[in-house]
Amino acid sequence: MSTLEVAASDLGSPDPEGREGIWQRAIGNLKSGNLGVLPVVIGEIIIIGFFSFTATNFFTASNFVNVILQMAGVTMIAFGVVFVLLIAEIDLSIGFLSGIAALTAAQLQLPDGYNLPGWLCILIALGVVAIIGAAQGTFVAKVGVPAFVVTLAGLLIWQGVILKVLQVRGVIIIEEDWINKTATYYFSATVSWIIAAAVTGFYLLVALSGVVSKKRAGLRVSPLPLILKVVGVAILAFGVVGICTHATKPAACPEGTPLTVNCTQPLGLPLAAVLMLVFLVGLTFLAKRTTFGRHVYAVGGNAEAARRAGINVARVRILVFMISGIMAGVGGIVLAARLQSVNLNVGGGTLLLDSISAAVIGGVSLFGGRGEVRGALLGSLIIATIANGLNIGGYSTGTIYVVTGVILLAAVTLDSVVRRLQDRSGR
Amino acid sequence: MSDTPLLEIRDLTKTFGSVQALTDVDFEVRSGEVMALVGDNGAGKSTLIKCIAGIHGYDSGEIIFDGKPVTINGPKDAVNLGIEVVYQDLALCDNLDVVQNMYLGREERDIFFRLKEPAMEQRTSETLKGLRVTTIQSIRQAVATLSGGQRQSVAVARAVMWNSKLVILDEPTAALGVAQTEQVLELVRRLAEQGLAVVLISHNLHDIFETATRITVLRLGRNVGVWERAACTQQEIVHAITAGVPTKVSGVAEVVV
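Protein chains in written order, with the numbering used here: chain A, 1 to 427; chain B, 1001 to 1257.
These are calculated hints, taken from the structure and not from any lab test. Each residue gets a CB set at the ideal place from its N, CA and C atoms; glycine is no exception. Be a bit skeptical, because a hint or two may be false.
Here are the simulated DSBU-like cross-link-like pairs (lysine-lysine), alpha carbons at most 30 Å apart as the crow flies [as the list claims (entries may be wrong)]:
#1 A:Lys-288 x B:Lys-1068
#2 A:Lys-142 x A:Lys-249
#3 B:Lys-1068 x B:Lys-1129
#4 B:Lys-1076 x B:Lys-1116
#5 B:Lys-1129 x B:Lys-1165
#6 A:Lys-214 x B:Lys-1116
#7 A:Lys-215 x B:Lys-1068
#8 B:Lys-1129 x A:Lys-214
#9 A:Lys-229 x A:Lys-249
#10 B:Lys-1129 x A:Lys-215
Covered by chain B, per the in silico footprint, the following chain A stretches (three or more residues, Cβ under 8 Å) [claimed, not checked]:
#11 166 to 178
#12 307 to 320
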């Protein structure tokens, strides 16, 4: 094919690859509307700065751990939302699907009932929501009912099921250790530091293997951004663990201590944080490094092109709704573990809208095809920080809703503006 | 050029509900020739190639590829036979970059299901260089940021990257300027010279008389006939397109001299 000649010489002079430095590329990205995580990170810094000055007890290690635990459930659900938004669909049932998973796990662990081991309860609960998610996805992909309607029906149906099941008992206490630990276990200081080192080492290995395979294929590798990324991950990992190991919680005092002393007990890295990280890495791998993930982006970008390229679009859609269900289930179990119980409000309240907002604030486009898994984590961090800060500052729930709403609007506005910029730079 | 057709279609019929899109259409293309497919709007050109590409199913008819009767039930079947289509709307995903679009639907992956990005990037780069597409700054750039001509180049490059036997180009020059049209037509001729069978759909008779070996005319979902380019005039073709009488008496076999 080397003799073939075709050229579309309608753009400026050819620019050899790799000549542009990282700064030029970054500026080019900004100009073409590819903002990445920049607005979210800036927003989070402003929010943290604001509350640090206005709310006492906000900028403390213990409150940091608190925020992690508060955001864990929503983050898990939002991870699933990312995939649904990537194929330009919506899933309104995730709130109560998370409730269904929590309820299933709680029912199965009841000592006077099935009394199953915790890990089995969790697995069965996730299996149930996976099947429900896939069923809803089938209605969307095969029958062609709009996802909005299918999952709105799901919202009503699963809320109804929860109300019916809990009608008599009202509340189920979770005594099972496996389930509760997802939100209440802390690693000791030593183990926490080892985890930080392991995370950094793992990231370094992945980065290096990427360099090796690129070199082998004869492609250029620019080392500077890579080094910056590894250093960044190291600072983040050790920073988070450093703060967590300084966190404390009130504890019963040993006998003989004077009453004026407040006794505390050191915490460490919460298991919930590690779980978020595991799902973040796993789902990012799925989205960015596998054929399935590539097809998800393709379906969101241009479903017709994906179909003509031989991609089984219906299968991708069904699997995405299944992932959405599973992640809602994981989130639901973490949320239930935090309360160590399941009650009539499970899966209700602002859970659904918080989860979708988290993904959208994190830069996942509602129009499909653009966004990353980590966006859900960042968006949920913003939502949790605002709620936490306003709470500590003594503001009412009303204020929290208003502020979160304004930030959501700002995020979607930014997305729309960015989209227009990108379209304009396209032609 | 071989005399036996690479692709031969007999009596293809396709209806959309009550609309009869194709009626007993015959069509053939040989390796090493450019077969132009012309006809007015609604003549059934796009429907015919979509049937060949497996986008639509067909109601009845026979498809013979490389001497063997085949059934095409989906895009994958067509791709497996070595049939590639460059659509009028290019069928690119704007949010994906050039490499990702080139490999869309047939990504290379290793035993851990990981995409082999470096290998795909390298081959894309080689293919584009082979086609002398030099204006794309980075093949890691999203297709949304490319111009119309660059998109066309990516779409054509995608079609020829897969050692295909038959390349179908649907209005490849419709959105291009004069210079780029010339370059794309040059590419079309070269594809045929390399032994590929090429089907070129176009409204532009000038383009067709510059590139085609033979011309098939469709009208209202039926065959009007097949002409050797060297042995006919533009007037004859225009007349066939606008007022041709469908010849169902085995159109292909009789008209070809």
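Against the structure, the hints:
1. A hinted pair counts as satisfied when its Cα atoms are at most 30 Å apart, and Lys-288 of chain A with Lys-1068 of chain B does not qualify at roughly 40 Å.
2. Between Lys-142 of chain A and Lys-249 of chain A, the direct Cα distance comes to roughly 52 Å. Violation of the 30 Å bound is thereby established for this hinted pair.
3. With a C-alpha separation of about 35 Å, the suggested pairing of Lys-1068 of chain B with Lys-1129 of chain B is violated against the 30 Å cut-off.
4. Straight-line distance between C-alpha atoms of Lys-1076 of chain B and Lys-1116 of chain B comes to about 21 Å, which keeps the hinted pair within the 30 Å bound.
5. Distance hint between Lys-1129 of chain B and Lys-1165 of chain B is fulfilled; the C-alpha atoms sit about 21 Å from each other, no more than 30 Å.
6. Taking the CA atoms of Lys-214 of chain A and Lys-1116 of chain B, the gap is near 10 Å; set against the 30 Å cutoff, the hint holds.
7. About 44 Å separates the Cα atoms of Lys-215 of chain A and Lys-1068 of chain B, which puts this hinted pair outside 30 Å; it is violated.
8. For a cut-off of 30 Å, the pair hint linking Lys-1129 of chain B to Lys-214 of chain A stands: about 19 Å separates their Cα positions.
9. A distance of roughly 33 Å separates the Cα atoms of Lys-229 of chain A and Lys-249 of chain A; the hinted pair therefore is violated under the 30 Å criterion.
10. With a CA separation close to 19 Å, the supplied pair Lys-1129 of chain B and Lys-215 of chain A stays within the 30 Å bound.
11. Judged by the Cβ-Cβ criterion of 8 Å, the segment 166 to 178 of chain A is not covered by chain B as claimed, because only 0 of its residues qualify and three are needed.
12. Residues of the segment 307 to 320 of chain A lying with their CB closer than 8 Å to a CB of chain B number 5, which satisfies the three-residue condition for coverage.
In summary, the numbered hints that this structure violates are 1, 2, 3, 7, 9 and 11.
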